[in-house]
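Q: Here are the chains, one letter per residue:
2 protein chains.
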Amino acid sequence: MTDIAMIRAAAARLEGHARRTPLLSSPFLDQIAGRRVLVKPECLQHTGSFKYRGGRAALSALVPAVRARGVIAYSSGNHAQGVARAAAEFGVPAVIVMPRDAPQLKIDNTMSLGAEVILYDRAGGENREAIGEAIMRDRGLTLVKPYDDPQVIAGQGTCGLEIAAQARARGVQAADVLVCCGGGGLSSGIALALEAEAPGLSVRPCEPEGFDDVARSLRSGRIETNDRQSDNVCDAILTPAPGALTFPVMRRLCGPGLVVSETEALRAMALAFQRLKLVAEPGGAVALAAALFRRDDIAGDTVICTISGGNVDAAMFRQALGRFGD
Amino acid sequence: MTDIAMIRAAAARLEGHARRTPLLSSPFLDQIAGRRVLVKPECLQHTGSFKYRGGRAALSALVPAVRARGVIAYSSGNHAQGVARAAAEFGVPAVIVMPRDAPQLKIDNTMSLGAEVILYDRAGGENREAIGEAIMRDRGLTLVKPYDDPQVIAGQGTCGLEIAAQARARGVQAADVLVCCGGGGLSSGIALALEAEAPGLSVRPCEPEGFDDVARSLRSGRIETNDRQSDNVCDAILTPAPGALTFPVMRRLCGPGLVVSETEALRAMALAFQRLKLVAEPGGAVALAAALFRRDDIAGDTVICTISGGNVDAAMFRQALGRFGD
Numbered sequence: 000m001t002d003i004a005m006i007r008a009a010a011a012r013l014e015g016h017a018r019r020t021p022l023l024s025s026p027f028l029d030q031i032a033g034r035r036v037l038v039k040p041e042c043l044q045h046t047g048s049f050k051y052r053g054g055r056a057a058l059s060a061l062v063p064a065v066r067a068r069g070v071i072a073y074s075s076g077n078h079a080q081g082v083a084r085a086a087a088e089f090g091v092p093a094v095i096v097m098p099r100d101a102p103q104l105k106i107d108n109t110m111s112l113g114a115e116v117i118l119y120d121r122a123g124g125e126n127r128e129a130i131g132e133a134i135m136r137d138r139g140l141t142l143v144k145p146y147d148d149p150q151v152i153a154g155q156g157t158c159g160l161e162i163a164a165q166a167r168a169r170g171v172q173a174a175d176v177l178v179c180c181g182g183g184g185l186s187s188g189i190a191l192a193l194e195a196e197a198p199g200l201s202v203r204p205c206e207p208e209g210f211d212d213v214a215r216s217l218r219s220g221r222i223e224t225n226d227r228q229s230d231n232v233c234d235a236i237l238t239p240a241p242g243a244l245t246f247p248v249m250r251r252l253c254g255p256g257l258v259v260s261e262t263e264a265l266r267a268m269a270l271a272f273q274r275l276k277l278v279a280e281p282g283g284a285v286a287l288a289a290a291l292f293r294r295d296d297i298a299g300d301t302v303i304c305t306i307s308g309g310n311v312d313a314a315m316f317r318q319a320l321g322r323f324g325d
Numbered sequence: 000m001t002d003i004a005m006i007r008a009a010a011a012r013l014e015g016h017a018r019r020t021p022l023l024s025s026p027f028l029d030q031i032a033g034r035r036v037l038v039k040p041e042c043l044q045h046t047g048s049f050k051y052r053g054g055r056a057a058l059s060a061l062v063p064a065v066r067a068r069g070v071i072a073y074s075s076g077n078h079a080q081g082v083a084r085a086a087a088e089f090g091v092p093a094v095i096v097m098p099r100d101a102p103q104l105k106i107d108n109t110m111s112l113g114a115e116v117i118l119y120d121r122a123g124g125e126n127r128e129a130i131g132e133a134i135m136r137d138r139g140l141t142l143v144k145p146y147d148d149p150q151v152i153a154g155q156g157t158c159g160l161e162i163a164a165q166a167r168a169r170g171v172q173a174a175d176v177l178v179c180c181g182g183g184g185l186s187s188g189i190a191l192a193l194e195a196e197a198p199g200l201s202v203r204p205c206e207p208e209g210f211d212d213v214a215r216s217l218r219s220g221r222i223e224t225n226d227r228q229s230d231n232v233c234d235a236i237l238t239p240a241p242g243a244l245t246f247p248v249m250r251r252l253c254g255p256g257l258v259v260s261e262t263e264a265l266r267a268m269a270l271a272f273q274r275l276k277l278v279a280e281p282g283g284a285v286a287l288a289a290a291l292f293r294r295d296d297i298a299g300d301t302v303i304c305t306i307s308g309g310n311v312d313a314a315m316f317r318q319a320l321g322r323f324g325d
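Heads up: the protein sequence lines correspond to chains A and B, in order.
Residues in the first sequence are numbered from 0 upward in steps of one, following numbering that gives the first Met the number 0.
Residues in the second sequence are numbered from 0 upward in steps of one, following numbering that gives the first Met the number 0.
Among the clues, some could well be false.
To be verified - Quick list of the computed label-pair ranges, beta carbon to beta carbon:
hint, chain 1, residue 1, chain 2, residue 2, range
1, A, His16, B, Thr262, 32 to 42 Å
2, A, Glu115, B, Asp295, 30 to 40 Å
3, B, Arg294, A, Gln103, 25 to 35 Å
4, B, Leu118, A, Ala168, 31 to 41 Å
5, B, Gly15, A, Gly15, 21 to 31 Å
6, B, Gly199, A, Ala168, 27 to 37 Å
7, B, Arg68, A, Ala173, 33 to 43 Å
8, A, Gln103, B, Gly15, 41 to 51 Å
9, A, Gly299, B, Gly15, 15 to 25 Å
10, B, Arg121, A, Arg121, 51 to 61 Å
11, B, Ser260, A, Asp296, 45 to 55 Å
Think of the hints as simulated: they come from the structure by calculation, not from any bench.
Quick reminder that beta carbons are idealized off the backbone N, C-alpha and C, glycines included.
Given the sequences, and given the hints that come with them, work out the whole structure.
A: What follows is the structure in structure tokens.
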């Protein structure tokens with residue numbers, strides 16, 4: 000399983016490839032939150048989300064002869080693009096199995112990044128694993144899972160190393176670190192990095208209402224699942240349950256989960272636009288929403304939050320600004 | 000007049016205050032431009048534009064006893080906010096004289112940053128200098144001009160020091176550096192910094208059609224003026240003519256100006272949204288527009304461009320995305 004040595008090794012392999020994203024702030028956001036808000040904008044990472052870190056970490060950890068045969072991933076969105084870009088950088092094939100009803104922009108981007116995209120019919124009952132496994136076996140591809148993979152968690156953990164250093168540079172000794180959470184790859188990776196490098200900082204996973212499997216799992220002490228699988232604007236972080244690898248880490252290291260509504264996520268998007276000049280996608284804005292609108296559930300005079308991605312289409316963004324932008 | 004020593008001194012005074020903005024890129028933008036595009040997003044600077052650099056540089060250069068009496072600025076937008084924030088940081092008064100018809104958001108922001116805002120009636124013929132000079136004399140305030148001030152130019156030049164270092168780190172020896180240009184404070188400041196630190200990089204001022212006073216002045220060798228003063232979406236960079244201090248620098252150091260249409264600026268805004276996850280205002284997007292849509296007027300395999308600001312209201316942003324976001 001991932002440990003701090005693996006995260007540091009991933010950081011060394013990502014050096015000169017992943018962006019070191021800045022830590023931003025606005026006095027206007029501080030006022031709403033009632034404390035200092037420091038924002039880690041992973042929407043500025045390559046491919047528009049933190050997923051590039053994990054993708055590059057996983058591919059760079061493969062033995063060259065294995066990597067040369069190529070990789071495969073199942074994803075409708077950000078993980079697809081992160082793996083596709085990392086594969087392109089290594090000049091190796093990437094096969095991404097995507098649902099036919101994924102946003103056209105995400106399909107187009109993944110193909111433009113050089114991946115071979117195989118579409119399957121989610122509604123028609125096609126089984127993506129069956130499709131993927133046949134191709135994987137035939138071509139000798141390596142599967143890159145979206146979160147339950149030690150090297151992927153290590154890659155996401157490099158974001159935590161940066162947060163630890165950036166907090167230290169600002170004199171922040173203790174703070175909640177709010178992390179947008181789907182399967183828990185980013186939350187568990189950051190938590191492991193902070194445990195070693197900034198033990199006063201504590202991860203709080205943030206989720207949308209109705210998809211609070213991690214918050215409930217942290218309360219009950221065992222893996223809980225969501226009833227629904229879709230129908231929420233926060234599409235990037237709608238996972239059925241915390242991962243088998245990520246949950247034990249989160250259980251050991253994370254504080255209680257925070258849950259926000261779709262409306263709050265959209266309001267946070269509009270505020271990121273107005274006050275930070277950043278484009279956040281709804282799922283990437285839930286941690287900022289929690290920082291701004293769950294102030295009584297957070298401790299301390301400073302809160303750190305991730306904006307985990309910005310891959311939102313123009314129509315959705317216009318809608319958020321139309322409702323909450325003035 | 001400003002020289003490299005003043006710019007370096009300004010950088011030392013801004014250390015720990017101004018943000019070192021990153022240098023971003025996207026393979027999708029490279030494809031449109033036909034070369035590598037490196038973007039310097041000053042929309043991520045404090046107050047949402049590069050103007051904070053000049054404001055902080057000017058205030059930090061004042062003798063403390065003079066600074067303590069306060070400063071005054073005339074501005075309807077980004078300079079107002081940059082000076083207001085710098086004054087608040089020093090705990091000294093700022094008076095900003097703004098037209099009553101300035102965007103309400105910019106008036107509100109300037110007041111929220113702690114400045115005293117005095118509104119005047121532009122249409123009714125009130126003279127802002129007359130209003131400002133009386134207050135300045137009564138209170139002993141120091142005027143901070145938006146561009147024709149050696150310390151303001153030095154502050155904007157700190158952006159050029161960063162560009163020089165970031166280009167060097169990427170192995171870029173020669174490139175055009177496209178800069179959004181109003182009165183020429185940012186263009187001349189960057190040009191002076193690059194002359195000393197990266198002589199292979201050459202500034203190209205970028206302007207909107209109908210407000211190409213700098214491009215025409217560079218061609219004729221003397222200060223030319225614009226016929227119109229307003230009525231263009233690029234409100235942040237609509238100045239009547241290049242400055243008396245900035246023009247000689249631009250004439251000596253800059254390559255030919257580049258001119259883009261309003262439509263091209265709005266298209267560049269939509270592409271910054273989609274490909275960089277950044278919010279650019281129209282005037283802040285003209286250099287990116289030139290990089291993308293004036294490829295035959297640019298030399299070399301790499302182009303660097305500023306996004307100089309992101310203070311655009313939600314209605315205008317929605318309109319740009321509605322027209323060009325898909």
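Q: Look at each hint and say if it fits the structure.
A: Taking the hints in turn, this is what the structure says about them:
Remark: the range hint 32 to 42 Å for histidine 16 of chain A to threonine 262 of chain B is upheld by a beta-carbon distance near 36 Å. The beta-carbon spacing between glutamate 115 of chain A and aspartate 295 of chain B, approximately 34 Å, falls within the hinted interval of 30 to 40 Å. For the hinted restraint 25 to 35 Å between arginine 294 of chain B and glutamine 103 of chain A, the CB-CB distance of approximately 27 Å keeps it satisfied. As the Cβ distance of leucine 118 of chain B to alanine 168 of chain A is approximately 40 Å, the hint placing it in 31 to 41 Å holds.
For glycine 15 of chain B and glycine 15 of chain A, the Cβ-Cβ distance of about 26 Å falls inside the hinted range of 21 to 31 Å, so the restraint holds. A C-beta distance of roughly 32 Å is found between glycine 199 of chain B and alanine 168 of chain A, which places it inside the suggested range of 27 to 37 Å. Arginine 68 of chain B and alanine 173 of chain A have their C-beta atoms about 40 Å apart, which keeps the hinted 33 to 43 Å range intact. Take glutamine 103 of chain A and glycine 15 of chain B: their Cβ atoms lie about 45 Å apart, and the range 41 to 51 Å holds.
Range check, glycine 299 of chain A to glycine 15 of chain B: Cβ separation about 22 Å, and the 15 to 25 Å hint holds. In this structure the supplied range 51 to 61 Å holds for arginine 121 of chain B paired with arginine 121 of chain A, their Cβ-Cβ distance being about 57 Å. A C-beta distance of roughly 49 Å is found between serine 260 of chain B and aspartate 296 of chain A, which places it inside the suggested range of 45 to 55 Å.
Checked against the numbered hints above, the structure breaks none of them.
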